[in-house]
Structure formats: structure tokens, C-alpha cells
Amino acid sequence: DQQVKQNSPSLSVQEGRISILNCDYTNSMFDYFLWYKKYPAEGPTFLISISSIKDKNEDGRFTVFLNKSAKHLSLHIVPSQPGDSAVYFCAASRSNYKLTFGKGTLLTVNP
Amino acid sequence: DTGVSQDPRHKITKRGQNVTFRCDPISEHNRLYWYRQTLGQGPEFLTYFQNEAQLEKSRLLSDRFSAERPKGSFSTLEIQRTEQGDSAMYLCASSWRTSSAYEQYFGPGTRLTVT
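Residue numbers (the numbering used here), protein chains in the order written: chain H, 20 to 130; chain S, 2 to 116.
The hints are simulated quantities; they were obtained by calculation from the structure and are not laboratory data. Just so you know, these numbers come straight off a predicted model, no measurement behind them. Careful: at least some of the hints might be erroneous.
Unchecked claim - Partial list, derived from the structure: chain H residues whose beta carbon lies under 7 Å from chain S:
id : residue
1  : Gln-33
2  : Glu-34
3  : Tyr-58
4  : Pro-59
5  : Ser-68
6  : Phe-108
7  : Phe-120
Stated by the list, open to error - Mimicking DSS-like on lysine-lysine, the simulated pairs with C-alpha atoms at most 27 Å apart in a straight line are:
id : chain 1 : residue 1 : chain 2 : residue 2
8  : H       : Lys-122   : H       : Lys-87
9  : S       : Lys-58    : H       : Lys-24
10 : S       : Lys-72    : S       : Lys-58
11 : S       : Lys-58    : H       : Lys-122
Beta carbons are placed, not taken as given, at the ideal position from N, Cα and C, and that holds for glycine.
Work out the full structure: start from the sequences and follow the hints.
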């Protein structure tokens, strides 16, 4: 069973606009959520995270929102840049050990 | 560069052969994880170490797989009698055991192709 779901395999946006990537989870025991970015032939790179006691975390152009009642989180990238084009993975953790990943969303930012 | 490193980056082997991969974590991190990623999927947890102790193994880790972390530093992942289904990217990650930050930092991965 897929405990972390990214239902959009791909997303295309124009440079300068907002990119919104979505993630849903089913396990209410998850207490920490992370977003990773991955380029081909490289390992995932950590982007931003959020604890379940918060509903928002910002880091520069990246903001993650958490809606615990809906078991939903989203990553906003504003403004989007062509260099943001990559696969984005949502991941969740329980009690600080293994990560459970979604299948990823391919973001393409067009110049 | 003080990031996670993995060696080799690519490995092509014939079915039935044994392979071994190495991971060097970020030096101050005491937790080390192995994940496997296949096409179209996110990374899947295989096993993890806290210092030299292997604390959990996934059901994905069959008896042909073994991992070690002697002295709590680098780690090795060995696959015996490789099968075509073992073809995947093998990722290593490390983290610091704190109560407030769960971030794991990944290496570049080892791409295994079993022919």
C-alpha cells in the first residue's frame, strides 16, 4: 500500500509563475515531512521539511504547507526558474528514522 | 567535499555474480541508511544503522543481501547471486540522531545493471 502519494506524475509551468506540488499521506503516525529534488543520475537533494506541529515552513522561494486534518501537504515554489526543473519527491517519517517516499512529480519550468 | 559518497557509481554484472557497494557518510552523522530506487518509483527503505548496530531490515532485503557498518563509519552492501530483478539505483543516506531534525542526506547512488 502506498502510504505517501503524489498523484500528479508531471507538472509544467512558465518561468516566473508559481509551481505547486501536492502530496497526500495515509499514515497518521507520520510526524515529519520532507521534500527532495532529484536530477537524473544523481541522488535526491534535501529541499525543505516541516514538523507535524507546524502548518507552514518557508525557505527562500520554497514554502511547504501541511494540512494534518486532510493528511495533505504541498510545496510552493515562487517564482519558478528553469533550474527548478527536476523530479520532486515527498517523503514522510515517523519517530526519526526511515523515510517513506512518494513516486515523485516531474516539474518542468519553461523559459 | 563533505557530502555522502558512494562507490562505484555504476556496476554492470552478470546474473549469479556477487557485487559489493560502499558508502561513506557525512563524518559527524551517526545514522546510515540504504534505499533502493527502481524506474518510476521513489526510493524504498532497505536497512539502517545507528553507529555500528543494524537496527532494522526491510522485507525487501532478502537473504542474498547483507549490509555492514564496521566501526560505525563507512558501510558496505553486498548482493550475492545477483538476479535481473536486483537492477536498480542503490542509494545511501546519512543523518544525525536529533530529536528535532529528521533530514537525511543522500549520496549520488550506485546504478546496478544485472545482465
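ask   = Is the hinted pair Lys-72 of chain S and Lys-58 of chain S satisfied, with a Cα-Cα distance of at most 27 Å?
value = holds (19 Å)
task = Would you mind confirming whether the straight-line C-alpha gap from Lys-122 of chain H to Lys-87 of chain H stays at or under 27 Å?
result = With a Cα-Cα distance of about 21 Å, the restraint between Lys-122 of chain H and Lys-87 of chain H holds, given a limit of 27 Å.
query = If you take the shortest Cβ to Cβ gap from Phe-108 of chain H to chain S, is it below 7 Å?
reply = This hint holds: Phe-108 of chain H lies near chain S, its Cβ roughly 5 Å from the closest one there, short of 7 Å.
inquiry  = Restraint: Ser-68 of chain H near chain S, CB-CB cut 7 Å. Satisfied or not?
reply    = Where the cut-off is 7 Å and the nearest Cβ of chain S is about 6 Å from Ser-68 of chain H, the hint holds.
request  = Take the C-alpha atoms of Lys-58 of chain S and Lys-24 of chain H, compute the straight-line distance between them, and say whether it is at most 27 Å.
outcome  = holds (23 Å)
message = Let's test the interface hint: is any C-beta of chain S closer than 7 Å to that of Phe-120 of chain H?
response = holds (3 Å)
query = Does Pro-59 of chain H pass the interface hint, meaning its C-beta sits closer than 7 Å to a C-beta of chain S?
reply = Hint violated; Pro-59 of chain H Cβ to chain S Cβ min 11 Å, cut 7 Å.
Status of the hint placing Gln-33 of chain H at chain S (closest C-beta pair under 7 Å) = Violated - the Cβ of Gln-33 of chain H stays beyond 7 Å from chain S, reaching only about 26 Å at its closest.
inquiry  = Would the hint on Tyr-58 of chain H be counted as holding, given a Cβ-Cβ threshold of 7 Å to chain S?
reply    = violated (10 Å)
query = Do the alpha carbons of Lys-58 of chain S and Lys-122 of chain H lie within 27 Å of each other, as the hint requires?
reply = Holds. Lys-58 of chain S to Lys-122 of chain H sits at ~21 Å (cutoff 27 Å).
inquiry  = Just to be careful: measuring from the Cβ of Glu-34 of chain H to every Cβ in chain S, is the smallest value less than 7 Å?
reply    = violated (27 Å)
The structure is inconsistent with the numbered hints 1, 2, 3, 4, although it conforms to all the rest.
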